[in-house]
Structures are given as C-alpha cells and as structure tokens.
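Student: Here the protein sequences line up with chains A and B, keeping their order. For what it's worth, our numbering labels the leading residue of the first sequence as 1, then goes sequentially. For what it's worth, our numbering labels the leading residue of the second sequence as 248, then goes sequentially.
Calculated from the structure, these hints are not laboratory results. All residues carry an ideal CB built from backbone N, CA and C; glycine is no exception. Be aware that a few hints might be false.
[As the list claims (entries may be wrong)] Calculated Cβ distances over 10 angstroms to all of chain A for the following chain B residues:
| id | residue |
| --- | --- |
| 1 | 250 |
| 2 | 289 |
| 3 | 299 |
| 4 | 307 |
| 5 | 318 |
| 6 | 418 |
| 7 | 430 |
| 8 | 452 |
| 9 | 454 |
| 10 | 462 |
| 11 | 488 |
[Said to hold, decoys possible] Under 8 angstroms between C-beta atoms, here's a sample of chain A residues computed to sit facing chain B:
| id | residue |
| --- | --- |
| 12 | 158 |
| 13 | 200 |
| 14 | 202 |
Each chain, letter by letter, is given below.
2 protein chains.
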Amino acid sequence: MTGSVTVVGLGPGKEAMVTPEVTNALARATDILGYTPYVERIAPRDGLTLHPSDNREELARATHALELAAEGRQAVIVSSGDPGVFAMASALFEALEGAPRHLGGQIAILPGITAMLAAAAAAGAPLGHDFCAINLSDNLKPFALVEHRLRMAARGDFAMGFYNPRSASRPHQFARVLDILREECESERLIIFARAVSTPQQTIRTVTLAEATPEMADMRTVVILGNSATRRVGDWVYTPRSAELPA
Amino acid sequence: MTGSVTVVGLGPGKEAMVTPEVTNALARATDILGYTPYVERIAPRDGLTLHPSDNREELARATHALELAAEGRQAVIVSSGDPGVFAMASALFEALEGAPRHLGGQIAILPGITAMLAAAAAAGAPLGHDFCAINLSDNLKPFALVEHRLRMAARGDFAMGFYNPRSASRPHQFARVLDILREECESERLIIFARAVSTPQQTIRTVTLAEATPEMADMRTVVILGNSATRRVGDWVYTPRSAELPA
Numbered sequence: 001m002t003g004s005v006t007v008v009g010l011g012p013g014k015e016a017m018v019t020p021e022v023t024n025a026l027a028r029a030t031d032i033l034g035y036t037p038y039v040e041r042i043a044p045r046d047g048l049t050l051h052p053s054d055n056r057e058e059l060a061r062a063t064h065a066l067e068l069a070a071e072g073r074q075a076v077i078v079s080s081g082d083p084g085v086f087a088m089a090s091a092l093f094e095a096l097e098g099a100p101r102h103l104g105g106q107i108a109i110l111p112g113i114t115a116m117l118a119a120a121a122a123a124g125a126p127l128g129h130d131f132c133a134i135n136l137s138d139n140l141k142p143f144a145l146v147e148h149r150l151r152m153a154a155r156g157d158f159a160m161g162f163y164n165p166r167s168a169s170r171p172h173q174f175a176r177v178l179d180i181l182r183e184e185c186e187s188e189r190l191i192i193f194a195r196a197v198s199t200p201q202q203t204i205r206t207v208t209l210a211e212a213t214p215e216m217a218d219m220r221t222v223v224i225l226g227n228s229a230t231r232r233v234g235d236w237v238y239t240p241r242s243a244e245l246p247a
Numbered sequence: 248m249t250g251s252v253t254v255v256g257l258g259p260g261k262e263a264m265v266t267p268e269v270t271n272a273l274a275r276a277t278d279i280l281g282y283t284p285y286v287e288r289i290a291p292r293d294g295l296t297l298h299p300s301d302n303r304e305e306l307a308r309a310t311h312a313l314e315l316a317a318e319g320r321q322a323v324i325v326s327s328g329d330p331g332v333f334a335m336a337s338a339l340f341e342a343l344e345g346a347p348r349h350l351g352g353q354i355a356i357l358p359g360i361t362a363m364l365a366a367a368a369a370a371g372a373p374l375g376h377d378f379c380a381i382n383l384s385d386n387l388k389p390f391a392l393v394e395h396r397l398r399m400a401a402r403g404d405f406a407m408g409f410y411n412p413r414s415a416s417r418p419h420q421f422a423r424v425l426d427i428l429r430e431e432c433e434s435e436r437l438i439i440f441a442r443a444v445s446t447p448q449q450t451i452r453t454v455t456l457a458e459a460t461p462e463m464a465d466m467r468t469v470v471i472l473g474n475s476a477t478r479r480v481g482d483w484v485y486t487p488r489s490a491e492l493p494a
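Model the full assembly from the supplied sequences, consistent with the hints where possible.
Tutor: This is the structure we're talking about:
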C-alpha cells in the first residue's frame, strides 16, 4: 500500500469541533506523530503506533513522518487548532524542501478550527471585519518584526488575533506588546483574553486596552483586539460589518 | 421550552468538513434561516421550517431569528465557512443591538472551517506565518479603506487572504487591487487563486503577481497572497515559520 503523510487539525480542544474528515484520517492511521499533549488526545488501538515528541521538535517530527510514509505507513501528524496556522503544516513543507526525495509522496493537509476563531465565536463576533493573525513569539523571528507588524496592523485599523502571547521564557514581551498597542490605539479599545477555549475550563474576559495587564494572558490564552468600531452588546463583543476610513 | 438562536458555520462546501457540534445543532433546529444556496444544503424533515432568503438580507434574517427564539423556537442561522469571518455572526449582534428586548435570549456561535483556511490547506501552507484576512467588497466600506489596508498589510509583510475578490457589479476593482499589490510587493510574489474549495469543482492555481490577471478570480474564488518568503516546494506553496524584518 502506498504510504502517506496527513497533517490534521484537532481544533482547540472540544471533541465536537473535530471535523469528520479528520476523525476518518485518524481512524485510518498506522502512525500518529505530534506534540505529546496533542497525541494524548488520541485513543490507543491495535495497529496504531503513537509517536509523541517535544515542543520545538517540529522539523524532526515532520521528517520522521515523511520517512514512515516512504516505508508505506499511513502517518498522521496532529496539530491543535488548524495545522496551517502557526502549526505543523509549514514544518512539513520545510522538511520536504530539505528532503526532496520524498517529493513524489502522498501528502494532505486537513484544516481544523483554529483557536482564534473559536475564541471569537465564544466572545461574539470580534473578527467580523478585516483582521490579522500574529504570532507574538520571537522564537523564529526578531521581536522588532512583531513590533513592526503590530504598528502596521493598528494603522490599517485591523482587528487582531494574537497567538502565543506570553510564556515563562519571555514574560516581559507581552507587556511591551500592550504598550505598543496603547501607543497606536485609543485607550477604550476592547481586548479579549480567551483562555482554554472550548474546554470546560474556558474563560472569556473583555477589558479596555487601558485596563489590560500582562498577567491576563498565559500560554493557554488567545488574545483578540477589536478594531476602532468594535463594541459590546450585552455580554457579547462584536465588530460591525461596515467601516470607515481611520481618521 | 426556551428558544434560542445558534449561528453555525457549514464550512466551505464538503460535508466532511462540517463539525459534529454544527451537525447536532442542525438536528435540533426547528427553524433554519440563511442565504438560499446555504439553506439548500440542509435536508428537509418533519418539524423543521426552512427560511431561505436573499443575499444582502442579513439584518432582516437576523432579526427574524431573534423573533423566532422569543416565540420559543430553536432558530439556526447557517453561514458558509465560519460565521465570524465575513458572515452572519456580526449581523446577528447588529440586530441584537437594534432590538435590545432580545438581550436576555439564548445565543451561541459555532465556528466552521473558513474558506481561506481550507484554501490554504489545499495549496500547502501559504498562511503558515502572520497573515491578514481582507474582504475586498466595498459593499459596506469605502474602497479607499480596502486600498489603505492592502498597503499596511503589504508593508507589514503579512501573507493575505482575500474574500469576495470580484463580482459582476464591480468588475474593475480587483484589477486595481492587483495594481496596488504590484506597487507594494516584488513581481515574483506568489498569489494563489483557489476556486470552489473542498468541492468536486475545486481548482488551485498559483502564479506570480506579475502573471496574475483579474479574470483569474470570480465570486467562488478565495485569493491568497504569500509574504516575501513564501515559496514553492514541488506542487505545494508554503510560507516558512521563520521570518526577518523587511528591508
């Protein structure tokens, strides 16, 4: 049987958000690879080998999947959220670029519900107009690029979704992010801290930029900043479909 | 029984991309409202009333759903893709703002796979780094704002996903969009035209900005522009996870 690599998105956490095509790919897999907490979401069964690995092992994991496929295995790489959004799909193509002997192999990317859009749904519709998604980690890019993109996005009056806002290894950067946003945006701009989205531990907290503090985010938090028209209606937050040029 | 309004995302077209929580909400509905082509995806059954309506009827449709919920009905509004991305979630909250007597009602937004991310998965991983989503229609915003956002996003070196690139009523604007992008980006920048994503009619075409023509897009097309590092590997297109400051 011809081998394959399928990269699938498990969504933000709730099983009812996993698409049937992803569930079917998991059922057909002979090997499942991924960051340990995501592989732990998969039930063991006969004929299935689980290959959990560490964070920051993305390239080695992707290369391993390509090698398994070359041996005729059905390898599935699991990502949380959507594999194409700050997850394993890019790492797979980087690995493929570095090992072009695998170019003829069968590859598929199956999308999932990304955390930013699940968080937006839980809060209302804060991304209901043009928006940006920005990974705040400077693990693979200079922090000056994060700062530049924040300013361009703010000057374009985009709503924004932020991934990886804060970690133990870089506790001060999110404070700097909030400072930049306060320089670029009005102090009443709404900002949403969505933690553990779609799980029983989910919390959604909306404050103004003036009220926001770095401690409101951790590694399980997705942060959404509204645009200049984003507002509250009851407990919900939404961005209107219509917009004007920024002043 | 208490009524409710649930806004659900049907994904880009393929049934295997509809999440189980959306399928369950559709099964519990007493009334399904939406743009006619989306309501036509729902199988009729006893006890279910279908309320198809026209495009540009979003506010009236949302108000109707709130009224049905107030009568104790389980109203489900169907969107294609994700309801929070250029779809019905914002319209519902606009309607709620205009009819605050419905504020105590039960409302839920259930995310779906948005066309841009399904297109990205079909092409590889072109949105694997920071990206923007921009609705190119000037139906609800001045075209000058579209132009401003394109320039800010390009100067931030964001990858971009474009919704509603071209329609019969505004055939010339997408030509202007391509001109702006050619002013801001290098001519070898990759641009992907993804049509009828996830359906049997799906086509994915990747060209350079220099080669792109307005006729490559129509109303069923989502367009993805890479960032300055986006490249091909075999037939795939991907954006690396790492990045540098733009020159």
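Student: Next step is simple, just say for each hint if it's right about the structure.
Tutor: Verification of the hints:
1. 250: Label holds. Min Cβ-Cβ 16 angstroms, cutoff 10 angstroms.
2. 289: The claim stands: residue 289 (chain B) keeps its Cβ more than 10 angstroms from every Cβ of chain A (closest is about 17 angstroms).
3. 299: holds, 21 angstroms
4. 307: Per Cβ check, residue 307 (chain B) is outside 10 angstroms of chain A; nearest 14 angstroms; holds.
5. 318: Consistent with the label, residue 318 (chain B) stays out of reach of chain A, its closest Cβ about 20 angstroms off (over 10 angstroms).
6. 418: At roughly 22 angstroms from the nearest Cβ of chain A, residue 418 (chain B) sits farther out than 10 angstroms, so the non-interface label holds.
7. 430: holds, 16 angstroms
8. 452: holds, 18 angstroms
9. 454: holds, 19 angstroms
10. 462: holds, 25 angstroms
11. 488: violated, 5 angstroms
12. 158: holds, 6 angstroms
13. 200: violated, 15 angstroms
14. 202: violated, 13 angstroms
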